[in-house]
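Peer 1: Spelled out from the first residue to the last, the chains are:
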Amino acid sequence: MSDPARRLPTRASMSSGSDRAFQYLILALASVIVLVFVVSLYLLGKDSWPALQRFGVEFFTQRTWNPVNGTFGAAAMITGTLVTSFAALIISVPLAIASALFVAEYAPKWLANPVGYLIELLAAIPSVVYGLWALFVIAPVLARWQITFFSPEYPERLALYTKCAGIWANDQTTLQCFFVPSSGAGRGLALAIIILTVMILPYTASVARDVIRLVPADQREAMYALGATKWEVISRAILPYARAGIMGGVILALGRALGETLAVAMVIGDSQDILKSLWGNASTMASVIANQFGDAQELLHRSSVVTLGFILFFVSVAVNLLARVLIGRLTPKGVK
Amino acid sequence: MMSTATSARPPLKPGLSTARKAQNMVMGGLILLATLLVVAPLILIFVYLIREGIGAINLDFFTKVPAPEGETGGGLLNAITGSLIMLAMASVFGVLIGLAGGIFLAEYPRHPLMPSIRLVSDVLAGIPAIVMGLVAYGLIVLTFGFSGFAGALALGFLMIPIVVRTTEEVLKLVPQTVREAGLSLGLPQWLVTLKIVLPAAAGGIITGIMLALARVAGEAAPLIFTAFGNPNVNFDPSKPMSALPLEIYRGATSAYDENQRMAKAGALLLIVLIFVTSLLARRFSRKV
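Line by line, the protein sequences are chains A and B. In this note's numbering, each residue's number is its place in the first sequence (first place is 1) plus 7. In this note's numbering, each residue's number is its place in the second sequence (first place is 1) plus 1.
One chain only, chain A, in its complex shape (with noise of 0.2 Å):
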């Protein structure tokens, strides 16, 4: 009689075989996303290589961006994705973080729910269509004050334009004349401001609503127990504590505006030229990649353009590093 235990197969036996079968083909398909990374890497280096031989560190600091002679400096372009996104990124933190306190904070849930899902839906809308929406509606608006501006009641403000066009055109700009608009066109970089402020807002909302809402009752219990009012509580336990999580939704948000194509593309007035007014045509990175890009035929032209993309491709990658540092950072002690 033989031992019944010897004839059961073992789950090593009847198992490891397929397990390791398996753990191989989920490990070959889930480094394909490594591929995509790797051979991205590489395509953007290999394409980008001819514009970088050719014009060295000169390509982030020259600002003459001319495909008739071939002269490519992208110092406009890194200005305008900069100027842009830090602009709107000023304008959105504060707004964000106040419509993320009103959902979490003030609001009843009955008015919390659908607020915070508009919120998001916020983030649903593609870029094409804030793009349309700001190229029809807002563009006008923007014209018809930037027209009457110069209305025949303010004969000083028309002396101020004139005064201004003359620095403008030696490539120049004052603080004063930066505010003075250049165009009646509606267009142009406050247009871009504006449009991918409302863009980003949603990320910084929907990630400070979550950890506002994870901040514990008892910090807020503690604060009222003190005899503090609904806003030094919020000023001083809600927010401290929440920082470290509403400084990773700000940093994703600058990531978005960093990137952000279609819709500046569609608004910002594609010019290369250095930036003179805050109402002028302008250009950011990604928006160059976009109007630009199909028109390149020469190598050196389209050489730079994929040079911005892969740019662009860096400072994502390191944006998205620096917010997993910053959040490590600044949590405080024993929260997770």
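FYI, nobody ran anything at the bench for these hints, they're computed from the structure. Among these hints, one or two may not hold up.
Unchecked claim - Keeping only pairs whose Cα atoms sit at most 20 Å apart, straight-line, the calculated DMTMM-like set for lysine to aspartate or glutamate is:
1) Lys116(A) - Asp217(A)
2) Lys22(B) - Asp26(A)
3) Lys65(B) - Asp237(B)
4) Lys196(B) - Asp26(A)
Place chain B on chain A using the hints.
Peer 2: For chain B alone, kept in the frame of chain A given last:
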């Protein structure tokens, strides 16, 4: 004793000081105002598109291709079919890889490659869509020309990190005891994953896929120089293909009123589809 101690300080008044009360009110008001400002664009966009776009949505809109420039009439059938075909192809690729990635991250947490795959997936999520369009251009368009495949590949790239993240999250919500119950019955681990863990998380995974679809359905940037656009209905993915966001982009930047009208109607259709999809996804995840 008591009286001398209190008389040294200013007398305490009951209740809050007016300054603190006022500050509290003002900040509350500002927060309400800011929230209204945040929500306003959504409502304004929706109302604008309904007012301007609904007139162009009729039978022709769904059954005809765009009229030649400068003429009136026509529809967006080319864009609707193109979007559907490319989204279907993108899902095959994006969902397969994304699902595998999510399973790997959630079910093999001790694998030495786990942290690097998670990191790369997170980083991919932040790369601008237009850059992934450049990559698809280099991969396919340079050799095979503009095609629906190239557009679908770019959209698939964008779907992967979204599906990975949601799949990982919902798989981790499946209790460990469920896996152990399966293993204790003698099932090999891969069957536990496929037959027990995945079905348990199916609702959440489907939600993730729908959200990923809703997200990439509106992307035009990566399609401009991959799918390129096509004025005719095209079912052959090796040829250039149109898509709703592409037509909206072309129409909105066109000088012709009729193209602009089509763009507004297309935008209305697109955001209604996206809203409905994300609404359904939410419902789905709540029920499961």
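Peer 1: Could you run down the list of hints and mark each one as holding or not?
Peer 2: A quick look at each hint next to the structure:
Taken as a hint, the Lys116(A) and Asp217(A) pair is honoured in the structure, with Cα atoms around 15 Å apart against an allowance of 20 Å. The suggested pairing of Lys22(B) with Asp26(A) is violated, with an alpha-carbon distance near 66 Å, which exceeds 20 Å. Proximity of Lys65(B) to Asp237(B) is assessed by CA-CA distance (about 18 Å); at most 20 Å being required, the pair is judged to hold. Between Lys196(B) and Asp26(A) the CA atoms are separated by roughly 14 Å; this keeps the pair inside 20 Å, and the hint holds.
Going through the hint list in order, the structure does not satisfy hint 2, though it satisfies all others.
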